[in-house]
Amino acid sequence: MLFRKMLRDMKHHKIQFISIFLMAFLGVFVYAGIGGEWYGLQQTSNNFYRDTNLADVWIYGRSFTEEDVDKVSEVPGVTQVQRRLSLDTVADFSNNPSIRLHIIEENNISKTYTVSGDNFSTDKDGIWLDDQFARARNLNTGDTLKLSAMGVTLEKKILGTVLSPEYVYAPGGNDMIPNHANFGFAYLPVSALPKEMKIVYTDLLVKTADTPDAALEDKIYSALKGNYSVYHDKENLLSYSMFKNEIQQHKAMGSVFPIVFLAIALLTILTTMTRMVNAQRTQIGTLKALGFQQSAILRHYLSYGFWLSLAGAIVGAAAGPLTLPRLFYGPMQTTFTLPEWKPSISPSFFVMGLFTVFICTLATYLACRSNLKDTPSQTLRPKAPKVAKQGVFEKTALWAKLGFNFQWNLRDIFRSKIRSSMAVAGVLGCCALLVCAFGINDSLDDVVQWQYKEINQFSTKLSLSENLPPDTVEAVLKQSNGESIMEGTVEIKANGVKKTGDLLVTDNVSLIKFTDLNRNYINLPSDKLSISYKMSKLLGVEKGDKISWHIYGKEKWITGEVGEIYRSPVSQGITMSRELFEQQGLEFTPTAIVSKDEISVLPEGVENKWTISDLTESYETMTEAMSIMVYVLITAAALLAIVVLYNLGVLSFTERERELATLKVLGFQSAKIRQLLLTQNIWLTVIGVAFGIPCGKLLIDFMLSTMGDSFDLMCIISAFNIVISILITFILSVFVNFLFSGKIKRIDMVSSLKAVE
Amino acid sequence: MSSLIQFKNVTKEYDTGLKKQLAANNVSFSINQGEFVVILGPSGAGKSTILNLLGGMDFATSGEIIINGEDIAKFNEKQLTAYRAENVGFVFQFYNLIPTLTALENVALIKNVVKYPLDAVEVLNSVGLGEHLGKFPSQLSGGEQQRVSIARAVCKNPTMLLCDEPTGALDSETGVVILSLLQNMSRKKNKTVIIVTHNAALAQTADKVIKLKNGKVTDIIINDAPLDVSEVNW
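Chains V and S supply the protein sequences, listed in that same order. First residue of the first sequence? That's 1 in my numbering, and the numbers climb one at a time after it. First residue of the second sequence? That's 1 in my numbering, and the numbers climb one at a time after it.
Hint data in this document are derived by calculation from the structure and do not stem from the laboratory. Don't be surprised by glycine CBs; every beta carbon is placed ideally from N, CA and C. Worth double-checking, as some hints may not be accurate.
[What the hints assert, rightly or not] Far from chain V by the CB rule (all over 10 Å, computed), these chain S residues:
{"no.": "1", "residue": "Asp15"}
{"no.": "2", "residue": "Gly63"}
{"no.": "3", "residue": "Asn76"}
{"no.": "4", "residue": "Glu77"}
{"no.": "5", "residue": "Leu118"}
{"no.": "6", "residue": "Lys208"}
{"no.": "7", "residue": "Lys211"}
{"no.": "8", "residue": "Ser230"}
{"no.": "9", "residue": "Glu231"}
[Claimed, not checked] Which bits of chain S does chain V cover? Going by a derived footprint, with three or more residues having C-beta under 8 Å, they are:
{"no.": "10", "segment": "54-61"}
{"no.": "11", "segment": "105-116"}
Construct all of the structure, not just a fragment, from the sequences and the given hints.
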């Protein structure tokens with residue numbers, strides 16, 4: 001019977017109960033939705049890495065013998081070793097796409113994942129091609145692929161198309177997002193090579209029992225007597241770390257927002273249930289007088305919060321993973337390659353759901369507790385009104401001059417503190433989410449300005465083919481009226497921390513500028529190396545400190561003093577002049593030419609051309625997942641505001657109906673009453689907005705910090721977008737108020753005056 | 001002399017969906033300036049309906065309600081609100097004060113709806129609450145709250161004071177004080193005071209008694225020598 005009472009009560013107060021449901025739903029929905037998204041990515045990628053037995057450590061050198069393989073195998077902690085030859089080849093198609101060719105003896109570590117055709121086999125004579133490249137170039141199993149490298153041409157039948165765990169994120173050359181038509185990979189069994197060809201093995205793939213650490217590196221170093229150029233583990237594999245970062249980023253975002261919703265849900269429940277139980281005070285007394293046990297009545301009221309939040313949590317946990325991940329997977333597929341894109345359900349969703357239900361039920365308990373403690377006789381009588389007191393301020397002449405609107409609203413706010421703080425919290429949450437969403441958008445957009453207008457002042461970047469004779473480079477320089485740079489990858493070491501970063505060597509370059517921490521232009525010293533701000537933080541170094549570095553592929557470590565720290569949004573590493581670079585005994589081999597001119601015909605020796613808009617576009621594609629997150633946030637913020645403010649409106653409206661009716665009988669026009677309520681709404685909104693903006697900025701900072709090591713974005717939000725956030729918040733607030741104007745008109749003056757409080 | 005208030009064949013029909021109910025059936029009466037009138041009847045007689053129509057809180061189905069020469073039965077919502085603001089001072093059974101405003105502020109509130117209100121402090125003094133101006137309703141007794149409510153009604157300087165069971169929630173001693181206050185408004189200040197009640201004892205104190213039953217006026221009694229409130233045996 002009490003269950004029936006609950007259902008009828010819910011019907012009666014449907015707005016409040018719907019909003020409790022919605023809050024519990026939204027919290028769990030966003031959590032499980034974004035959770036299902038990143039958890040799905042994590043699961044699929046982990047399965048992919050496990051099934052294909054992704055290597056834990058890569059060692060690159062000039063030539064590894066079978067003896068080397070044995071020596072590394074004997075190192076304690078190493079479980080499996082495989083060697084292979086990796087070389088860059090050019091495929092015989094338009095634009096000369098590059099194919100990274102792996103020639104392998106066996107397919108045990110970093111195995112291929114077959115998409116079509118035969119499984120990889122060391123006995124067959126043929127090639128297994130990157131599935132994405134095959135798609136982009138319309139190649140099928142059975143077609144022939146012609147590759148050339150170092151003057152040798154190889155023609156092989158494609159036996160299958162495959163994916164590789166080392167190529168989840170695989171942009172070629174200067175790309176930021178993969179262009180599958182221009183870069184791919186292929187696997188070839190050693191047996192398929194012509195017999196007369198002498199083969200050297202450049203890579204060692206190592207599987208380890210535990211996560212590889214520095215001690216392992218030392219052991220391998222001594223086993224190979226230092227006879228290699230690069231050693232890096234999984235965390236330093238670009239493909240692996242980029243994808244991991246991406247997941248990390250989504251995870252961070254997906255965990256923060258539900259907390260905001262949950263907090264609001266709590267406030268909603270607290271106010272609604274307090275009001276409800278107060279309103280049903282005499283009913284509670286009646287039930288007690290009838291002989292219901294205290295616990296039975298408590299259970300009855302607890303069930304309101306329990307069932308609603310349970311329903312919200314279940315629907316949210318079910319609907320979230322079904323809908324939200326699809327939004328993200330589409331744009332992510334242009335950047336990352338995985339065998340499948342499938343959301344997963346993590347046990348943590350249920351924990352979160354249960355937590356929500358528990359918290360909501362607890363809030364209900366706190367709301368009813370005081371009313372249930374009283375004896376039936378006390379409870380049957382209406383609650384004694386709170387004794388109000390006049391403050392000092394209220395006795396001043398100023399107070400009297402403030403007028404009725406002001407006096408009424410100020411006292412009303414203080415009389416119902418919970419309701420007011422809930423309104424402030426709702427507005428604050430809404431405004432903070434909006435500021436955060438717009439701020440992230442601005443910060444991402446700002447990089448386009450910063451990196452591609454302020455730092456890069458060139459309009460075209462030409463990437464050069466490898467091993468060009470100096471006079472060809474000279475000719476390109478002349479023809480393009482450009483300046484040459486050398487880009488590469490380096491390992492940097494300081495204070496016992498080792499990081500992989502970008503290297504930039506400039507040869508009297510004026511078209512690339514550098515900015516300091518506050519984005520002012522600075523000149524870098526030519527006799528010392530400079531380090532990017534984020535890298536300096538990661539390594540814990542400052543100006544004047546020494547760091548060691550070496551280029552990938554060269555074994556020699558070089559130590560130098562940090563002469564300057566510059567800030568760069570998308571590239572972290574070190575920069576130096578050509579003179580300093582050559583002083584270290586290294587050869588300056590330009591990899592790209594930058595020019596202010598528009599270049600239509602590619603000069604001889606140029607592999608690829610990038611215009612600033614190409615670069616900007618690829619950056620924007622890469623940040624698309626983030627942009628979607630922004631839209632999800634804006635929608636959530638708007639929903640949050642509407643639900644909270646509407647619920648609040650209903651609450652305060654019913655609470656004050658009698659008062660409003662009195663005002664109406666006294667002759668206040670409806671418009672004046674609406675204005676009265678609007679005033680309070682605006683005050684509370686102003687307070688919420690005032691706190692919401694700084695909270696939003698904190699959220700932006702947090703979000704940007706989740707973007708990973710290579711990004712160093714500035715927290716930027718334009719004044720215009722702050723104004724827009726404030727405006728949206730106010731419009732929602734006033735809009736909700738507007739919804740009540742009809743209700744004010746319909747107040748039944750007669751009956752609300754007759755009822756006893 | 002034409003009357004201040006005239007009900008001419010006023011009918012009010014409520015449509016409950018199941019059946020139509022006549023809450024006021026062809027009601028006619030008139031009230032003059034300065035009269036102390038009691039509208040008397042058992043519950044369900046249509047007292048509240050008459051009060052609502054007179055107070056401009058509801059629309060009549062048919063008939064004319066002439067107040068100061070104007071037919072308010074033809075008014076729209078907005079005009080009715082303005083009519084309430086300027087002409088009617090309400091006194092309720094449950095006082096209906098704004099709990100977040102002090103006694104003085106509750107009365108001063110009238111400034112927001114009436115152009116030329118009386119001075120709030122003076123009015124409160126005249127109902128004997130000069131000492132309690134700064135107190136909130138919750139700090140006042142029932143009788144005191146009702147006096148604030150009367151002060152609020154009087155402050156408007158309205159055409160009529162409309163009182164709905166003004167002593168219904170008070171003990172008889174306090175009730176006498178409140179009723180004397182209202183009777184004096186009529187006798188000394190020439191205010192038109194209309195009291196709606198089911199308490200027949202009040203009839204002796206009125207200049208005019210309008211008796212209702214089943215939505216119809218059954219009797220209108222003019223009292224040539226009404227008793228003083230204090231003379232009545234409650």
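Do the hints match the structure? See the list:
1. Asp15: With a cut-off of 10 Å, S:Asp15 remains clear of chain V, as the shortest Cβ separation is near 16 Å.
2. Gly63: 19 Å, holds
3. Asn76: Label holds. Min Cβ-Cβ 12 Å, cutoff 10 Å.
4. Glu77: 7 Å, violated
5. Leu118: 15 Å, holds
6. Lys208: Given a closest Cβ separation of 24 Å, the condition holds.
7. Lys211: Given that every Cβ of chain V is farther than 10 Å from that of S:Lys211, nearest at about 22 Å, it holds.
8. Ser230: 29 Å, holds
9. Glu231: 31 Å, holds
10. 54-61: holds (count 3)
11. 105-116: holds (count 8)
In summary, the structure is inconsistent with hint 4 from the numbered list given earlier, while agreeing with all the others.
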